[in-house]
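We have chain R already, so just place chain V with the ligands on it with the hints.
Protein sequence lines correspond, in order, to chains R and V. Counting in this note's numbering, the first sequence runs from 38 upward without gaps. Counting in this note's numbering, the second sequence runs from 46 upward without gaps.
Just so you know, these hints were derived from the structure itself, not from any lab. One or more of the hints may lead you astray.
[What the hints assert, rightly or not] Derived contacts from chain R toward chain V, CB cut-off under 10 Å, selection only:
1) A102
2) D241
3) S344
Glycine is no exception: its CB is placed at the ideal position from the N, C-alpha and C atoms.
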Amino acid sequence: MFDRQGSIGRRMWPKSITRESLDPWYDRVAEALPITRGGWDDVTYAGGVFAAACHHAGRTANPVAAAIDTDLCTNCNWMMSGCRFDAKRSLLLNYLPAAVDHGAQIRPLHEVQRIERSADGDFLVHYTVVDPVDYRVRVDAGAIEAKIVVVAAGAAATPVILQRSEQTLGAMPYAVGRYFSGNGERLNTAILDEDRVRDVLGLDRGDGLAYAANQIGRGPSAASWDRLDGSLPEFSRYSLEQLYFPPGFGTILAQAPGAEGPSWFGVEKKEILRRWQSWLTIFIMSEDDNEGVFGPPPSTGNADRISMQMLSRGNLRYEPSANTKHGWALADADIRDILERDGLSRVMPWTNEVIGAYTVHPLASCRMGDDPRTSALDETNELRDHPGIFVTDGSAVPGALTVNPAFTIAAIAERAVPNIVRAAQARGVDVRYLGWLPPAARVSREAPVTSSAGGVPVTVRSV
Amino acid sequence: MDDFEGLSADQVMTLEAYADTIIPGERRGPTDRAVAGAADGGGAVASGAVELMLSPEGGLAGVLDSLAEGLNEHARDYAARTGLDPDPAVPPFVALEFADRVALAQELLGPGHPEQDLWVALAMFSTMAWDTGAHMHTVDAMAAGHPGLTAMGFMPPDPDGVWRFPRFSYGRALAALHPRTTPRGDPQ
Ligand SMILES: Cc1cc2nc3c(=O)[nH]c(=O)nc-3n(C[C@H](O)[C@H](O)[C@H](O)COP(=O)(O)OP(=O)(O)OC[C@H]3O[C@@H](n4cnc5c(N)ncnc54)[C@H](O)[C@@H]3O)c2cc1C
Ligand code: SF4
Chain R
38 MFDRQGSIGR
48 RMWPKSITRE
58 SLDPWYDRVA
68 EALPITRGGW
78 DDVTYAGGVF
88 AAACHHAGRT
98 ANPVAAAIDT
108 DLCTNCNWMM
118 SGCRFDAKRS
128 LLLNYLPAAV
138 DHGAQIRPLH
148 EVQRIERSAD
158 GDFLVHYTVV
168 DPVDYRVRVD
178 AGAIEAKIVV
188 VAAGAAATPV
198 ILQRSEQTLG
208 AMPYAVGRYF
218 SGNGERLNTA
228 ILDEDRVRDV
238 LGLDRGDGLA
248 YAANQIGRGP
258 SAASWDRLDG
268 SLPEFSRYSL
278 EQLYFPPGFG
288 TILAQAPGAE
298 GPSWFGVEKK
308 EILRRWQSWL
318 TIFIMSEDDN
328 EGVFGPPPST
338 GNADRISMQM
348 LSRGNLRYEP
358 SANTKHGWAL
368 ADADIRDILE
378 RDGLSRVMPW
388 TNEVIGAYTV
398 HPLASCRMGD
408 DPRTSALDET
418 NELRDHPGIF
428 VTDGSAVPGA
438 LTVNPAFTIA
448 AIAERAVPNI
458 VRAAQARGVD
468 VRYLGWLPPA
478 ARVSREAPVT
488 SSAGGVPVTV
498 RSV
Chain V
46 MDDFEGLSAD
56 QVMTLEAYAD
66 TIIPGERRGP
76 TDRAVAGAAD
86 GGGAVASGAV
96 ELMLSPEGGL
106 AGVLDSLAEG
116 LNEHARDYAA
126 RTGLDPDPAV
136 PPFVALEFAD
146 RVALAQELLG
156 PGHPEQDLWV
166 ALAMFSTMAW
176 DTGAHMHTVD
186 AMAAGHPGLT
196 AMGFMPPDPD
206 GVWRFPRFSY
216 GRALAALHPR
226 TTPRGDPQ
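Chain R extracted, bound-state conformation:
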């Protein structure tokens, strides 16, 4: 993946980053989170059906590694909105408490709007404070002085903050807000025939059911990597992964196979929803063409908020290129070959006609690289032409990874830290790189949040 060229005709990643050079940073992250290798006992019914179907079609399939404490996990599958059991080993249990113990201040609900340079050459980071329930309401505002700024607001937000800062910081590199990648993402929903699952795949839960377990599990648990072959041409490589999203997010774009009327709403959609427990969601992570471009930033925030928290409208445009569509078509056909074989299921991709392309893996909108024309950051994660500003989130990753990105994003951030420390030292900050890993906590801490009601601090659970 690190040798990908995309459509720029040269290596997208900085030449100093290879799998070998990144491996020590991957190791650190795996230890810190901690990520553990999954065995077949950890694979959920949904992952198991997918793996068995892959095997039946002559493919391989693997349990996926995850940062989940399986002793605590109840397989409730609610993890999209945090984990009330602290089984999901998120940053709340490692990096964040370690940072607090080293003196970091966490300011919940502070939304950075823009960065400015102060008269003496340092930075002023301007923020607003949003209401804890209604994020559309601003309850306070302020600025923080800084010698170094690390922007890590995620690939959908970092370029927006930087674009808005142009007025005071000066022009941004061309690649800020361009080359956005959705990690080549696409979803397919298979509606399984329970009898065929039993007869063809020989699967039985032991309670009379073959599958009917869409609801049970913990997100992705099995994947097939047969098409992650470096010798295949670019835009034809992808991984397939069993995945789960709860109803709503996980149902709205799914289409009824063979529908005569509308496929994503209406009578036929309701019929497939009645069989929801027999659904199996398959995730494609392929190589897209970095075709996303951000328009001008909204006046505040990362996007114009419609709902208090859930819905907002941003200025990102993403028209999938022929290369991207080529990869999707190959992967769709592959999924059908695996899951429609011998009548196991009927499969349909999610529609792209309702909200356009979609992704839960935004990447590359402020990417690293060696070429100043097509990258916003140099190979140390420093923003070109703006020394002292570093970007360490998914926006720094140059392109689609064909696998889940969190591990790579974290490894790149770990790799950036010595560079950030050096820049801070050069500005007279008394700081050293110790290379300690955060100790693991079992229980997440409470976070102080200021409510809008008269500024009285209230404490809310931080998940």
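Okay, now just chain V with the ligands, sitting in the frame of chain R:
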């Protein structure tokens, strides 16, 4: 039809008819005009679509009256284009037969329609009313026999309101591993 604060009876009926086009359901009674009765079991309306549209969290409440008017405007235009003679006793969108409601919804929700975003948002709220019961806590919705969650076979939580599935795995190897799996269990 229920009473909803801030909306006229005609507006509620119109929004219900739209929600019923997205996830159709059975009529609530012999005089139900908003629900077309195109499918068995409760649909989006019985699942609380208008409650969800009106929820302050959702952010649509303030524009529902104009969305209802917009739907009726489009229905008037549709009826004129297709030579229909709608019943003046009900709002124009409600007057459409189910098949015509679907045809019009397909136009409004189609790529390229200038108002697609608006109608997609309203459709999302209709779907979510049925398949998540998002205007209620899921535990309460399950306990109240929420039509959508029940029809989907959504499994209830334990008595303490928490979902636990102690049996979750076939517990055996089901495929050959990829030959180039790294010791950490990742692809190479
Ligand atoms: C449903 C779902 C499931 C996923 N599952 C997996 C998985 O199984 N494996 C995997 O590898 N990846 C998974 N991902 C992807 C992974 O979560 C992301 O790629 C990763 O978290 C991105 O990291 P980031 O640091 O770039 O951004 P984020 O994790 O998004 O961090 C950005 C932070 O900045 C804050 N922020 C944003 N704007 C501002 C602002 N203006 N001011 C102040 N703060 C701001 C945000 O609140 C957030 O805390 C999943 C994503 C989703 C949505
Ligand atoms: S499935 Fe996810 S949310 Fe549920 S207990 Fe396990 S890790 Fe936590």
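Worksheet entry | Cut-off 10 Å, beta-carbon criterion: hint that R:D241 touches chain V | Holds - the Cβ of R:D241 comes within 10 Å of chain V, reaching about 8 Å at its closest.
Item to complete: Have a go at the R:S344 hint: is there a Cβ in chain V nearer than 10 Å to its own Cβ?
Response: 4 Å, holds
Fill in: Residue hint R:A102, partner chain V, criterion CB-CB below 10 Å
Holds, because the Cβ-Cβ distance from R:A102 to chain V comes to roughly 4 Å (cut-off 10 Å).
Violated hints: none; the structure is consistent with every hint.
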